[in-house]
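Build the full structure now, drawing on both the sequences and the hints.
Chains as they are written, first to last, in my numbering: chain C, 1 to 576; chain D, 577 to 929.
Hints are computed from structural coordinates only; laboratory data are not their basis. For clarity, every value in this text was computed on a predicted model and none was experimentally measured. Every residue, glycine too, gets a C-beta built ideally from N, C-alpha and C. Please note that a few of the clues may not be correct.
As the list claims (entries may be wrong) - Where chain D lies over chain C, by a calculated footprint (3+ residues, C-beta under 8 Å): (1) 257-263; (2) 337-346; (3) 362-368; (4) 534-548.
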Amino acid sequence: MSQAVPSRPFWRLSPAPGRGYSWPLVPSLASLAAAYLALSPVIFLIYGTLVGGDGPGQSLFASYLRAYTAPGAVRMLGNSVTYAAGAAVLSLLLGTILAWLHERTNTAFRGTLFILGIVPLILPGVLFTIAWIFLLSPNIGLVNLAARTLGVPTAPFNIYSLGGMIWVDGLHYSPFAFLMMSAAFRSMNPALEESAFVSGAGLGTTVRRITLRLMAPSLLSVFLLLFIRNLGTFEVPALIGRPAGIEVFTAKIWAATRRYPPDFGLAGVYALTLLLLTSVGLFVNSRLLRDTRRYATVTGEGFRGRVLDLGPWRAVTGAGVLAYLTIIALMPLAVLLWNSFLPFFMPPSRQALAAVTLHNYAVAFSYPQVARGLRNSLILAVGTAALTMLISASVAWMVVRSRTRGRWLLDVVATFPITLPGIVIGVGLIWTYLTLPVPIYGTLWILLIAYLTRFLPYGIRACGAALTQIHRELEDAGELSGGTWGVRFRRIVLPLLRPALIAGGTYILIVSVREFSSSVLLWGPRAEVLSVVLFDLWQSGLFQQVSAMGSALCAGLIVLAAAFWWVNRRQELNPG
Amino acid sequence: MARIVAVLAITLGLCLSSLPGMAAQDQVPLVALYRATDRQQILEAGARREGRLLLYSALSLEEANPLLEAFTRRYPFVRAEIYRASTEDVALKVITEYRGRKYLADVVELSSIDLGKVQKEGILTPFASPRSGAYPRSAKSPEGYWVMTRANMLVAGYNTRAVAAADAPKSYDDLLQSRWQGKVAVEADDQIWLASLWDFWGEGKAREYFSRLGRQGLQVRKGHSALAELIAAGEVPLSPHVYNHRAEQLKRRGAPIDWAVLDPVVAVPQMIGLPRRAANPHAAMLFIDYMLSSEGQAVLAKLGRVVAHPFVPSDPPYLGRGFRYVTIDPAKFLSQFDFYNRLWEELLVRGGR
Chain C
1 MSQAVPSRPF WRLSPAPGRG YSWPLVPSLA SLAAAYLALS PVIFLIYGTL
51 VGGDGPGQSL FASYLRAYTA PGAVRMLGNS VTYAAGAAVL SLLLGTILAW
101 LHERTNTAFR GTLFILGIVP LILPGVLFTI AWIFLLSPNI GLVNLAARTL
151 GVPTAPFNIY SLGGMIWVDG LHYSPFAFLM MSAAFRSMNP ALEESAFVSG
201 AGLGTTVRRI TLRLMAPSLL SVFLLLFIRN LGTFEVPALI GRPAGIEVFT
251 AKIWAATRRY PPDFGLAGVY ALTLLLLTSV GLFVNSRLLR DTRRYATVTG
301 EGFRGRVLDL GPWRAVTGAG VLAYLTIIAL MPLAVLLWNS FLPFFMPPSR
351 QALAAVTLHN YAVAFSYPQV ARGLRNSLIL AVGTAALTML ISASVAWMVV
401 RSRTRGRWLL DVVATFPITL PGIVIGVGLI WTYLTLPVPI YGTLWILLIA
451 YLTRFLPYGI RACGAALTQI HRELEDAGEL SGGTWGVRFR RIVLPLLRPA
501 LIAGGTYILI VSVREFSSSV LLWGPRAEVL SVVLFDLWQS GLFQQVSAMG
551 SALCAGLIVL AAAFWWVNRR QELNPG
Chain D
577 MARIVAVLAI TLGLCLSSLP GMAAQDQVPL VALYRATDRQ QILEAGARRE
627 GRLLLYSALS LEEANPLLEA FTRRYPFVRA EIYRASTEDV ALKVITEYRG
677 RKYLADVVEL SSIDLGKVQK EGILTPFASP RSGAYPRSAK SPEGYWVMTR
727 ANMLVAGYNT RAVAAADAPK SYDDLLQSRW QGKVAVEADD QIWLASLWDF
777 WGEGKAREYF SRLGRQGLQV RKGHSALAEL IAAGEVPLSP HVYNHRAEQL
827 KRRGAPIDWA VLDPVVAVPQ MIGLPRRAAN PHAAMLFIDY MLSSEGQAVL
877 AKLGRVVAHP FVPSDPPYLG RGFRYVTIDP AKFLSQFDFY NRLWEELLVR
927 GGR
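Set out below in structure tokens:
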């Protein structure tokens, strides 16, 4: 970390000590960078929609007209909203029940739930989706085959449907809802629930009249976050929606860049509409969180979370937890692993067992593209995590600590890309770097910029939250002792922020390895990343090689996550 | 302040200086059309200087990597790389790049339709390869913009456990029998298959045929290779347009799949072309020569592809011989793409849902 802090001459340019925290150079530059990253794709996106119409005779706003008069536009909007809302509800339902079990009850397998339950979060969406296609295809899906051997005449499930899309995405993000809702339960004082019990209310009444009402803001807020995220996701629409003919915004944007001639104007219009939708969602969310004080139950009195004794129901909920873990982690990983050993897709049988081979691993790992994708993804993930946290710390300092006017604007601008779906950033950046004379198109640099843009808001939020909890008197003391801004930042702020930096950095590392929806538009020759290589192998029909590569990747990611968890725990046990 | 200005100026200078060399652009046609006796020496000397080659192609990695390895064994001083995606995606990538003045591709090898799009954008430049002499006139652009390298033959593929060989369709009309109701799958974007047959049969017969086929309750899947894989797996029993080389590969691996010729077979030619601003024109010409040579074609054939060279048999030879096939003129298809696309959507895809 310490080498990345600017060298002496740069921070000497900051105002003399005693003049306050107004404009030190480093955070100013970081703020400029953040603003540039956030604004450039959107500005060029708008520019593109105005000039992107193809051929002569097209009016300036032709793209807008074309987008909104196209047949099927209304149906596409309906699909998008149904898909995003449906998957959000599914995630939220699963996540809330699990969070309640985990935080408030003594259900069996509580610890296992927390450790294994978040495994899907580290799996790339491309892989999770592919695994579920193997499980729920109408005729060869293993779940459907199992149903048939049990005597069900027709395949009960068809993944190639809106329901299938909702199932896969809702399931994949249920651990996210679980984590968010766990936090919410933890900060809700159970005294009110206890009072209800004491007054003779049953479990159902208590949950309905106390728990759910107190949780309403959290529930709505997590729902909105999931909804926004689902609107912008592209893995499931690309792998399931396209063959099923179910179009959503991200698929439309992709299709518009894939037409002949490529219609970036149209892509831009869809992207801006999507941006509008997600912005409204986030605005509602921030309004919602503004008056959460009414719901505050943790007061000066202090409280201790009470654990509800489920009694004989412990075994039932335990079975539920196991079923969930099987569905979300075990089945997808098992089907990938099974497939990776076969010469072509076969349901489990003695004949299939006889055909088991390691050939797919040998072939997949002989591809230079796979090795390069692995290397590039790692470089990008580490680079993105380090740069993001460094810029975030500086920008957060500027927003939280400095007395600069207009720092609220910086906050708004820098965290605004949270509303930008990956594919929108992709389209915006293509325009930006095909227009500007900066030769990074098709290289890893443009991917780095995309990742930074996507993940900076998360870093800034993490650092900002941590920084508000650290009193400024520590920095004041540093200043009185004659420390320049750079010294204070490096010796006081960064060490105090360390837990936030590590947690935020780890999160960004994981989401960068998974990133697909920007990468799929921006990757270039020799600049492949893992998710794109997986997608391409799938598109070439090389299902077994995808499975081999995916299995190896899952194993790697799980080992990595376990290592992080272990290091983290050791640090918590013996701090310092 | 002065320091900042200096830093900015240097950065800008670096950015501009790394733009592709402006002088190189006129060199490409000279290299491409060079015919003197020292051609091979000139190309090799130039390729040695360039040292690398970037191929844009839709060949799957399973085939492209061995092909590039074979090429590199012949010319070890060229580091050959591939940008691979689906043929539509590769075409649009090149087109987008040329509109943005980014010249990365040295050679483009795509389906006739997608290379047609690239040519229409003015991206290709004519070339002269001594190796193209062996090819029939129909396999070469009259102006020298492209030469055919291979073909994808669209045949009926079926799962042998779901369909006995005796019951397999023997003609397009067989697909209209009521026993295939709900059992036929089509690839999501095979407008060229419809267009080629439309062109061959004429409006009257074709419209009637495709509307009846659409009423068979078609399933839709994406990707021809994926479709063959799904037939082998038993996901769908039958499709009228899988690549015969792909079905053959799976069959050799022991998968329960076979293919049958429906007369006429639709052939989708794959062609090679040279972008006018190729950064490594010498290496590009060496690669084009190699792809068209009997040596390169034999490598492709060994990988299971249906090759274009008249004297190199496919492996097994019946992949490319023994049946009648039709192709559509890419220019005609492109100019009427909206027409065919509408038919495709209305008659087949929507009829199937």
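Hints violated by the structure (listed by number, smallest first): Hints that this structure does not satisfy do not exist here, as all of them hold.
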